[in-house]
Amino acid sequence: MAYSPGFLALKGQDDKYNYFEGKILSSTITKLNAPLTQAFDSQPSSDLQISVTPTINAQMQRLADFDTLIEALEYAAKGTTGYNFHDARGNLRSVLPYRDLRQKARLSAQRLSGFGLVRGSRVAIIADTSPEFIELFFACRYAGLVPFAMPVPVNLGSHAMYVQQLGAMLNSGQASIALANLDYVNFLEEAAKETTGIKWVGTPEQLAELPVTDTEPQTNLPDETAYLQFTSGSTRAPRGVVITERALMSNIQGIVCNGLEIQPDDRAASWLPFYHDMGLVGLVLAPMVAQLSVDYLATRDFAIRPLQWLRLISRNRCTIAFSQPFGLKLCTMRVRESDLKDLDLSCWRAAGIGAEMIRPDTLKKFAEKFASVGFNDRAFLPCYGLAETTLAVTFSKINHGLKSIRIDAKTLVDKKMAVRLQAAGRKYNEFVNCGQPLPGHTVKIVNETGQELPGMMVGSVLVHGSSVMSGYFNNQEETDKALKPGNWLDTGDIGFLFDGDLYITGRRTDVIIVNGRNIRAQDIEEIAEQQPEVRSREASAFGINDDDGTTKIVLVIECRLSAATERQTLINRLQKMVYMAFGVNCLVELVPPHTLPRTSSGKLSRFAARQGFIQRTNLTDPLPAVESGDR
Amino acid sequence: MSDNSYNEILQLLCNRLENISNTDIAITPDLSLIDQLSIDSIKLLNLIMEIEDTFDISVPINALADVQTVSDLASLIHRIKTESS
Chain A
1 MAYSPGFLAL KGQDDKYNYF EGKILSSTIT KLNAPLTQAF DSQPSSDLQI SVTPTINAQM
61 QRLADFDTLI EALEYAAKGT TGYNFHDARG NLRSVLPYRD LRQKARLSAQ RLSGFGLVRG
121 SRVAIIADTS PEFIELFFAC RYAGLVPFAM PVPVNLGSHA MYVQQLGAML NSGQASIALA
181 NLDYVNFLEE AAKETTGIKW VGTPEQLAEL PVTDTEPQTN LPDETAYLQF TSGSTRAPRG
241 VVITERALMS NIQGIVCNGL EIQPDDRAAS WLPFYHDMGL VGLVLAPMVA QLSVDYLATR
301 DFAIRPLQWL RLISRNRCTI AFSQPFGLKL CTMRVRESDL KDLDLSCWRA AGIGAEMIRP
361 DTLKKFAEKF ASVGFNDRAF LPCYGLAETT LAVTFSKINH GLKSIRIDAK TLVDKKMAVR
421 LQAAGRKYNE FVNCGQPLPG HTVKIVNETG QELPGMMVGS VLVHGSSVMS GYFNNQEETD
481 KALKPGNWLD TGDIGFLFDG DLYITGRRTD VIIVNGRNIR AQDIEEIAEQ QPEVRSREAS
541 AFGINDDDGT TKIVLVIECR LSAATERQTL INRLQKMVYM AFGVNCLVEL VPPHTLPRTS
601 SGKLSRFAAR QGFIQRTNLT DPLPAVESGD R
Chain B
1 MSDNSYNEIL QLLCNRLENI SNTDIAITPD LSLIDQLSID SIKLLNLIME IEDTFDISVP
61 INALADVQTV SDLASLIHRI KTESS
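For the record, the sequence lines run as chains A and B.
Using my numbering, read the first sequence as starting at 1 and increasing by one per residue.
Using my numbering, read the second sequence as starting at 1 and increasing by one per residue.
Just chain A, with the same shape it has in the complex (with noise of 0.2 Å):
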């Protein structure tokens, strides 16, 4: 679920790899196959022996019927289940059972509320896969303070870029008060000298020398916000979701209750950033107020060794792991058959996929690949959702597996209709079920005029219910483009519905989503017309998907050079400042001035450069956007 930012961008291409030379081949395979039998007790590295938090609780599972945040912990503090975090191996590294989260948390609010700040003050923390992180997200709640999670950095060179997009942050959430482990806190130190309005930046072993005030932590009420979400990684203008406690337990309650419903023998796993929606409301916050234990593999770790994330599954007997389909790809095709032998994943009964569109043959390849260790394909659980709506908006039925249906390629482009294939032969699209809205929410589909459309018709999915955001922090410009009258949020997708259920069949083009994160294509377009030979407005950016359903950046300029050197310098600048910005390869293409087509206000239309782009490349296009909608 939840189109946003995030995730490492990866680009899946490349099944081959190689090793540096056949020796190191044996070496990678003795170590992957170690043992599953390490994790439960043993931890040779440390001086204590540590346990993960058990599955069965010893308290009564209450679930998620709680007001706040704070309510839900302080009722899970008095279980035995907890957050459980492993290393790159698989070796657990450390613990933070709900009862210390409670403690602890409790302690860093203390120090917190030495700096005198008001109420509902904005707190930066860089969000990496880590018991500090998630320590200060709940010490800001005890504290009557708003914290919003940062990303790390993942992009090769990335550094300048990095840090500008922290700083963008720090100033469009106003925090007062900016926090990082020490890995990262150079980067953090570098952002807050540009921005104003930062008392202090530091690390948690920082903080902890602070002294503790003797500050009772006040009751949090249902209508004040409980964090922000920023959902793009962008230099200049990032938008942070405000999202209240009621729209958060909101959104808990339907995921648990509906989306899962969630047993007292159920554990999760997660290799999810906690800077991601899906990573901290879903795989973060969720499991807690349903006093679940939770496994964690950090994001950089699974991206490089994703059969550690089986493995945990597998090992520990996890029942609920999310993804991206990007996620599941790279397990397909890096996954050796010589690691299956010790996997059992026939404890997975939740599989759940969201974050970018669903491409049927994604899951087709994963679940041929894990049958023979157990995996289930019912267990596949499609949802749909965004930041914007705190997290999910639809979920498929659990442990129904994916639904799909065929639609008529042509006909969908020439009516907006979606229309069950009827004759073999004839060139289709499918699109997967994600099934119905949770209780208290409402999926409408409307066209460009912002009429309800009947089922089948394609068009804006807009949803209206209580887990839709205030708005956006400071931001009232977006926020009034986003929430339409009613308060009906308008998600930027394009789909329709059938017999109530939820297809999404596109995204409209101000956003491009590269293996489940989200690049907006006014950030790239930005950085075109910083360079000196880019004129303003003569530079279009938009995602084309390839046959096998991976999406590659198109950025068009109008180009006046003539001297093939100077193109091709402009080419290769223009591919690198992507590349360290977002982390992914574009396709730069010089046009003649006057190229690229003009809606009557001036405005360059990315959907009529898609077009173009697309006839001049003879592609077809397997995925039509279907409407334009530049916003």
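In short, the hints are calculated from the structure, not lab data.
One-sided and incomplete, this derived list gives chain A residues near chain B with beta-carbon spacing under 8 Å:
no.	residue
1	A88
2	L156
3	S158
4	H159
5	Y162
6	D183
7	Y184
8	A303
9	R305
10	K576
11	Y579
Between beta-carbon pairs, the in silico distance windows are:
no.	chain 1	residue 1	chain 2	residue 2	range
12	A	A563	B	Q11	34 to 40 Å
13	A	R378	B	Q11	47 to 53 Å
14	A	S346	B	D24	47 to 53 Å
15	A	Q263	B	D24	54 to 60 Å
16	A	R336	B	N15	21 to 27 Å
17	A	I56	B	D24	58 to 64 Å
Glycine residues also receive a C-beta, built at the ideal position from the N, C-alpha and C atoms.
Given the structure of chain A, go ahead and fit chain B onto it with the hints provided.
Below, chain B without anything else, positioned relative to chain A:
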């Protein structure tokens, strides 16, 4: 592979990059991994996995933000290797 001098690391890295990049250009220390070698994210992850396994180190994610060239990467590995031994 107990004593990895900077030059040995650089040499290994160059050999490896020659195999995984799809270009004919000779790998030199000053070459940019990003725009000249087009190391995409998947290739990068594989490369890091190999580096970690070969040199028995852990490459911290924050350090990659300051890596642009082949020699930057070799220096990073050398530094981690020296600090950990």
